[in-house]
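Asks: 198 is the number of the first residue of the sequence shown in my numbering; add one for each residue after it.
Keep in mind the hints are simulated off the structure, nothing from the lab. Idealized CB from N, CA, C, for every residue including glycine.
Heads up, simulated PhoX-like pairs for lysine-lysine below, C-alpha to C-alpha not over 25 Å straight-line:
#1 Lys267 - Lys229
#2 Lys287 - Lys267
#3 Lys229 - Lys287
#4 Lys288 - Lys267
#5 Lys229 - Lys288
Pairwise CB distance ranges (calculated):
#6 Asn245 - Asn286: 34 to 44 Å
#7 Phe297 - Met198: 40 to 50 Å
#8 Glu221 - Ser302: 16 to 26 Å
#9 Gly208 - Leu274: 13 to 23 Å
#10 Gln218 - Ser243: 12 to 22 Å
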Amino acid sequence: MARRTINIVNGLLVVPDGNCQWNEFNIPREAKDPLVQGYFVATGGSGNDIDVFVMDEIDFINWRNGHEFKVYYQARLTTDQFELRLPVNKKYLLVFSNMFSALSSKQVRTRVDLSYEI
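Put together the whole structure using the sequences plus the hints.
Replies: Here's what the structure looks like:
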């Protein structure tokens, strides 16, 4: 088997106040041992923080509509590193949300990759 790595996001994001940005990714049915690894560092506003979520597409829709939702990862921090083992054959979203800030945009330096055996 060979390990395949796909970049989900890499670089600097600017998330305006009251807004969010997201990146979609899929884990194929044939993937073995899927792993999502990444980090983020946020600056801006009084707390230098950002909400970060990893959720599937159904929970993303619920979150966007203000309903109850489940996540595989959730943090409101300045910086963090994470590793997630996720179920295969699903669509996921990596969300950077600044919805809680009414005045300040946030700058987020990040890199997140998906790797799996094929």
